[in-house]
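Student: Sequence:
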Amino acid sequence: MNKRTTDAPPGDAPQAEYWRPFMEALPVEGTAVSTIGDLLGTETVSASDTVAARLDELQFDLGEGPCWDALRLRRPVLEPDLRRRPQQQWTSFTPAAIEAGVGALFAFPMLVGPLRIGAVDMYAREPVALDEAHTQAATKLAEAAGRTLLKRALDTMGREEPAEDANPFSRRVVHQATGMVLAQLDVSADDARMVIQAHAYATDRSMMEVSRDVLDGRLDFSALDGGDGRSR
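Take 1 as the starting number for the sequence shown in the working numbering and just add one per residue.
It should be emphasised that the hints constitute simulated quantities derived from the structure, not laboratory data.
Be aware that one or more of the hints could be misleading.
[As the list claims (entries may be wrong)] Across the chosen pairs, the derived CB separations fall in these ranges:
1. ASP191 <-> ASP131: 43 to 53 Å
2. GLN176 <-> GLN87: 29 to 39 Å
3. GLU209 <-> ALA133: 32 to 42 Å
4. SER188 <-> PRO27: 41 to 51 Å
Each residue gets a CB set at the ideal place from its N, CA and C atoms; glycine is no exception.
Let the hints inform the model, and build the full structure from the sequences given.
Tutor: What follows is the structure in structure tokens.
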């Protein structure tokens, strides 16, 4: 492993390619970098492929998975053989990840001092283990990515809001739809989000897809009929 790969932060790289140093340093096939929590919001900021992006989306929708655990525990979460010897109990996420063709999964927290910025998760289609050198390299890269994301967020404070489509993985639609459902049902923001989540689960769709239907007027939860809303 060369020094450029393991130590180079993504500060000069386009945000869409924050995943690249991890792919160069580790024996994985896909990587996603995500902010999680109130500080910078919860969304994927960079993903190497559609599977990596989907794994993030599943975790956001389900509220469980390696990214959540890595950030909560402030340490890497390693699943070298997700199919045959899973070490974590993710009731909903694990079968969905396996169905997506994932054999191994790794998540590293992005921390800046006491601040939890987000997490980086990586997958491989076949079982594979990370050695100590891989783990140390990924930890350093995740720390560098966290610092870069925080710095860029601070640098852009007060600037004009970026265009909605600047980030194809933006979760803003979920936040906007939550506000609409809140008004439709006269419930709290947390309850409105749970309504969207429950409808997504019941219809085997993502929260982002359901949220777009709410924003476009195709789904109105004020017309509840003992269940999950009415699509128009």
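Student: So which hints don't hold here, by number, going up?
Tutor: Result: no hint breaks.
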